[in-house]
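Chains as they are written, first to last, in numbering that gives the first Met the number 0: chain A, 0 to 355; chain B, 0 to 355; chain C, 0 to 355; chain D, 0 to 355.
One or more of the hints may lead you astray.
If chains are identical, the list can't say which one is meant, so a pair holds when it fits in one copy or spans any two.
Pairs of lysine to aspartate or glutamate residues, derived as DMTMM-like cross-links and limited to a Cα-Cα distance of at most 25 Å, are as follows [as the list claims (entries may be wrong)]:
{"hint": "1", "residue 1": "197", "residue 2": "96"}
{"hint": "2", "residue 1": "142", "residue 2": "170"}
{"hint": "3", "residue 1": "142", "residue 2": "193"}
{"hint": "4", "residue 1": "98", "residue 2": "72"}
{"hint": "5", "residue 1": "197", "residue 2": "324"}
{"hint": "6", "residue 1": "98", "residue 2": "266"}
{"hint": "7", "residue 1": "98", "residue 2": "316"}
{"hint": "8", "residue 1": "98", "residue 2": "256"}
{"hint": "9", "residue 1": "268", "residue 2": "96"}
{"hint": "10", "residue 1": "268", "residue 2": "324"}
{"hint": "11", "residue 1": "268", "residue 2": "99"}
{"hint": "12", "residue 1": "142", "residue 2": "45"}
{"hint": "13", "residue 1": "98", "residue 2": "85"}
Simulated from the structure, these hints should not be mistaken for lab results.
Number of protein chains: 4
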Amino acid sequence: MTDNSFGRLLRVTTWGESHGSAIGCVIDGVPPRLSLSEADIQIWLDRRRPGASRFTSQRREPDLVRIASGVFEGQTTGMPIGLIIDNVDARADDYEDIKDRYRPGHADYTYQVKYGIRDWRGSGRASARETAMRVAAGGVARKVLSAGITIRGALVQIGPHAIERERWDWDAVEANPFWCPDAETARQWEDYLDSVRKSGSSAGAVIEIVAMGVPAGLGAPVYGKLDADLAAAMMSINAVKGVEIGEGFNAARLSGEANADEMRMRDGKVSFLANHAGGILGGISTGQDIVCRFAVKPTSSIPTPLRSVDSHGNEIDVATTGRHDPCVGIRAVPVGEAMMACVLADHLLRHRTLGG
Amino acid sequence: MTDNSFGRLLRVTTWGESHGSAIGCVIDGVPPRLSLSEADIQIWLDRRRPGASRFTSQRREPDLVRIASGVFEGQTTGMPIGLIIDNVDARADDYEDIKDRYRPGHADYTYQVKYGIRDWRGSGRASARETAMRVAAGGVARKVLSAGITIRGALVQIGPHAIERERWDWDAVEANPFWCPDAETARQWEDYLDSVRKSGSSAGAVIEIVAMGVPAGLGAPVYGKLDADLAAAMMSINAVKGVEIGEGFNAARLSGEANADEMRMRDGKVSFLANHAGGILGGISTGQDIVCRFAVKPTSSIPTPLRSVDSHGNEIDVATTGRHDPCVGIRAVPVGEAMMACVLADHLLRHRTLGG
Amino acid sequence: MTDNSFGRLLRVTTWGESHGSAIGCVIDGVPPRLSLSEADIQIWLDRRRPGASRFTSQRREPDLVRIASGVFEGQTTGMPIGLIIDNVDARADDYEDIKDRYRPGHADYTYQVKYGIRDWRGSGRASARETAMRVAAGGVARKVLSAGITIRGALVQIGPHAIERERWDWDAVEANPFWCPDAETARQWEDYLDSVRKSGSSAGAVIEIVAMGVPAGLGAPVYGKLDADLAAAMMSINAVKGVEIGEGFNAARLSGEANADEMRMRDGKVSFLANHAGGILGGISTGQDIVCRFAVKPTSSIPTPLRSVDSHGNEIDVATTGRHDPCVGIRAVPVGEAMMACVLADHLLRHRTLGG
Amino acid sequence: MTDNSFGRLLRVTTWGESHGSAIGCVIDGVPPRLSLSEADIQIWLDRRRPGASRFTSQRREPDLVRIASGVFEGQTTGMPIGLIIDNVDARADDYEDIKDRYRPGHADYTYQVKYGIRDWRGSGRASARETAMRVAAGGVARKVLSAGITIRGALVQIGPHAIERERWDWDAVEANPFWCPDAETARQWEDYLDSVRKSGSSAGAVIEIVAMGVPAGLGAPVYGKLDADLAAAMMSINAVKGVEIGEGFNAARLSGEANADEMRMRDGKVSFLANHAGGILGGISTGQDIVCRFAVKPTSSIPTPLRSVDSHGNEIDVATTGRHDPCVGIRAVPVGEAMMACVLADHLLRHRTLGG
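Turn these sequences into a full structure, and let the hints steer you where they fit.
Encoded structure:
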């Protein structure tokens, strides 16, 4: 099956393994005459890049992107955009010892069962390295979206420690190693994550992605719902176990009145008095902020030994040493932003088919 | 755009509005020589049918399904299966008074903005009536799945009241009007929902769908992940605001050790010692139970007046009288089961493309 | 697989067998606020209807179409349009005697080998009856196309007898039972087909479809070429064995100069001095007439006995009596027009995604 | 729109322009555990490579393919296969003088109208250079097909000069610069093409592709017909203007008896006494040879001056000097083979979804 593409009209197809010679993607459906340079994409890749702080993986990848097609004299041509990133810090030998071992929480076992073969070098195709191409595609998708649309992400929970929403400050997001919008909580997370690391453990996280300036009318009934596509997009990110829109699971607890987004006229326009719906009704954007959250499980590779088996049927213990993110959720923030950008850009093109 | 289909190889396309002459669907990709009769589908529609208890809508629809194509002498032929259900209890006149009004929490406003026209009779295409065709398609999908796969759903929370998981009893599910697996909580819900209704309010819910007997190997990296498809499928159901797999959002709180599904050999086979992952690793089934939950917001149409506007820009109050589900989540249980069946059957066909 | 749909953004999914209770289709992606009534579709179905002359099949089908969804108060709503035609003249018993027999030139053998089951009543799904839904869909597609686009078809060859192109007269097309644009040739065909029928034989045909008023710019490189989509659309019609655009196979005989469509400025606009290309260059429309031809094989079911086998491995003779078109190509004219309309409407929507 | 992919389950997405840094493709859906090396692909690219004789373009491209992903230890992994060919002989400066000029028969004008921008270097995306990736993909597709399936192509006509079919000899195909199966005609073509070249002209061609050993049962009704997919695949090749299956357009001239492929039992199996149908009935393979032909127009770029216009509205003359194939149809032979391989491999995977 052809499972390595997403999007319907802005279609991104990614290829490449963690420790192959390169990774890349093809972005098809980008309208012509948009200005696009490698720098426009690199800026987003630099945000995602590992090694930015002691809380993220020590793999040293410059992640320099090349535009191999689809751009001419600084503008998109409407032709497919081929992007390539060479794998520089590939060290396949580091993984020789796990080639027969099923690491709990990883895709080792399921890939082996499904395909009867797997590229075990650094998790191969299942590695989060693939998300670099999502971020690159997101950079292109942002060009497709009008200048008035802003997409931002933030980490709102690490382990059991959630932020205080009253302290939300978008400026804080860029000022700490966690993309945390609450500076005080960010400081607490530093201590918490240090202790997690010391104890050989790991922590999960919750990420919130907000898109502002999205016009009403994007999305569609019944299986092209904007929220359904966002759910698939976010759930397809490595280690994600849950997705919610607006109030999300909390909506189940609310009464109909408490959850209602009432409407009034303001300056001659329809204005919502609340946004419990997260900016989507009936699968279509309302013109309010699109608010999406997703949960990332704690890093599966931890120093603490875990019981497992190998491909020969031997019972083993698995303990991960070396490169190790105590909380993979941190690096998921720019990935979530990118997926939001891709989904919105795709729906923008889909909306255009309705005509004037 | 072509937004009324779901599935890749088992592809379901639905059509019809709440108060048109009929609703229907086409199911393409069903393998030949499966026994299939209208009764095989009707059994699932009867479970979904409104009017089954005082807690669900009073619309009286027999929902009798006709197989119009694709079945010959009791067997599928590999040709597209056309299903049709006539709308018997359509009362378009009941809705004349809301044709210009935007009901909070409904798709009235977004449809109008997007399409510049909407069929306002009983919410038209946005009505949950469309889910009857999902349930019908799910009945066909179950035929595609092997006999060893069992899909069951349960309501695990209404409003703030969750079940006690230690009391989980699948047999209880059929014995109360809520599909509740915890008989004691079901009794409490009766009182709770009566009070909700009396106060002119409504309640949300959480549904859990479990698929047992699913072999390891269904699903695929990277954008064909089983969990990504389940997320889209469940989020596309009316009023759903969140989806999670296994531990879901709770995984964010757990440590790496606590969330690990360790493995041991049992009788010569790989055996997992826990199922925090909900039966999916790297987007591929592990052979354990597939566990998926989704949150349904409280019914938007409530007797309590809500502030809104109409299509002429007047500020109005909207209060819903007449047919009214205090908790639409109840009826979502068979719909969630059907979506699980469709996603699994689709992935089963997708898996076959790999060959022996 | 999901093989019963065509089109990407205007997506038509057909269902139904020749002698089932009904046939139908779902047309997804139709933009909203187009006026559409059953009469708008019926007019095209009436052109295709068998029984119009002694040269086409005697099956008596009124082919009355019902719009079951997607239209509200005379306008499309953007929702899927469900169309249904009841099978009135189904006479399954007529086919009992062929249920085990493989008719040469028919799909009997291939369906049986592929699916292990087939609905043998009147060729089941393989019957040209399915083309009624193509014609109906074409009627909707014409509504999507702007008023300035005209699509017409003509029969340009029956058996070895081609028209004289100098006598081409579009008005003649409606004035003879063959859709022949050359009145004189039409008269000759009458005699020819009478003799073909008397001899228990059948004749093939070539159909030409011309779309006028198509703006430059529809189509796309590389696999979305307008001509590639036309080729698939026409080749998918029953009994079609060849498709060509513009000069088609004759282009192979021409020199580069003779085949060139030179350009000059006329009234400030680019003007082509010839149209050997059939209105398509690099897969994209030039603004000239789109010209497409396809060849239909002679009717396979003929009174003359043919050697064959049955499903039990017996050698048999097959001779067709009863309902019998000596030249099925005649009825393919409105079907070809409809496919042209569907392909163009699809590409019009695709083109819109590029934006202003 | 996403127009740079073809195939449903074996999905090939190509990217790259004639004079960009590289061209490439992603092949998604390849089953795991097939042996695959760069040499397996290179062998087919070497057949297509320009510069092989004085009758094909003098561009000097080694066309060395790299497998960048999806293969591990010599075997496919089921992951997307990324292929890259660097453009070595790119000479963008050669094209400066045509950047504003619309060459008759080329896509210059239509790309400009559609996209408002085009990469004019060597025809950019519209160049036949893209077909290198089709040939590479075809090499992978052949691995997917069982060893028993053989796909071969031949040139059967250049200009008005067709081969003598009685002299058909597959061995001859490799022994002349035209892939001609008739050695005597090949010698005549040499003289003919030399005279065409001298006169500053060009010639069209007809290519025939034959697939032997294809089992009965590939393909599907109604829009997934094997012949419909072949028609689209071949028509999407640069300069192709017509496609036919089996008798093709000649079928229109034949009587029903003459066109019948009668059947008899041979050694307990169904055996066809002729193959007018080209191995496909009702869109499904019969088990006979699949026979497909397509017509290639004469090279549009010729030394003889042609009237045209430029993008500023000036009337100009266009004469092509330098690199120049008098008959582009020659190089289309390996491309047609590759498209046949891709279509068959795609349908093989599609067929598997039926199970059993």
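A quick look at each hint next to the structure:
Taking the shortest alpha-carbon separations for residue 197 and residue 96, only the intra-copy value of 24 Å comes in at or below 25 Å, while the best inter-copy value is 65 Å. Within a single copy, residue 142 and residue 170 get their C-alpha atoms as close as 23 Å, which meets the 25 Å cut-off; across copies the closest is 51 Å, which misses it. For a Cα distance limit of 25 Å, the shortest separation of residue 142 from residue 193 qualifies neither inside one copy, at 38 Å, nor across copies, at 51 Å. In this homomeric assembly, residue 98 and residue 72 come within 25 Å of each other (Cα to Cα) only across copies, at 13 Å, whereas the closest approach inside a single copy is 46 Å.
Taking CA atoms no more than 25 Å apart as the test, residue 197 paired with residue 324 passes inside one copy only; the shortest distance there is 12 Å, against 52 Å between copies. In this assembly of identical chains, residue 98 and residue 266 lie within 25 Å of each other by CA distance solely across copies; the values are 24 Å between and 64 Å within a copy. With identical chains, the CA atoms of residue 98 and residue 316 are at most 25 Å apart within one copy only, with a shortest distance of 14 Å there and 63 Å across copies. Taking the shortest alpha-carbon separations for residue 98 and residue 256, only the inter-copy value of 22 Å comes in at or below 25 Å, while the best intra-copy value is 55 Å.
Taking the shortest alpha-carbon separations for residue 268 and residue 96, only the inter-copy value of 22 Å comes in at or below 25 Å, while the best intra-copy value is 63 Å. Taking identical chains as interchangeable, the C-alpha atoms of residue 268 and residue 324 are never at most 25 Å apart, the minima being 47 Å within one chain and 31 Å between chains. Within a single copy, residue 268 and residue 99 get their C-alpha atoms only as close as 62 Å, which misses the 25 Å cut-off; across copies the closest is 16 Å, which meets it. In this assembly of identical chains, residue 142 and residue 45 lie within 25 Å of each other by CA distance solely inside one copy; the values are 17 Å within and 39 Å between copies.
Taking the shortest alpha-carbon separations for residue 98 and residue 85, only the intra-copy value of 23 Å comes in at or below 25 Å, while the best inter-copy value is 33 Å.
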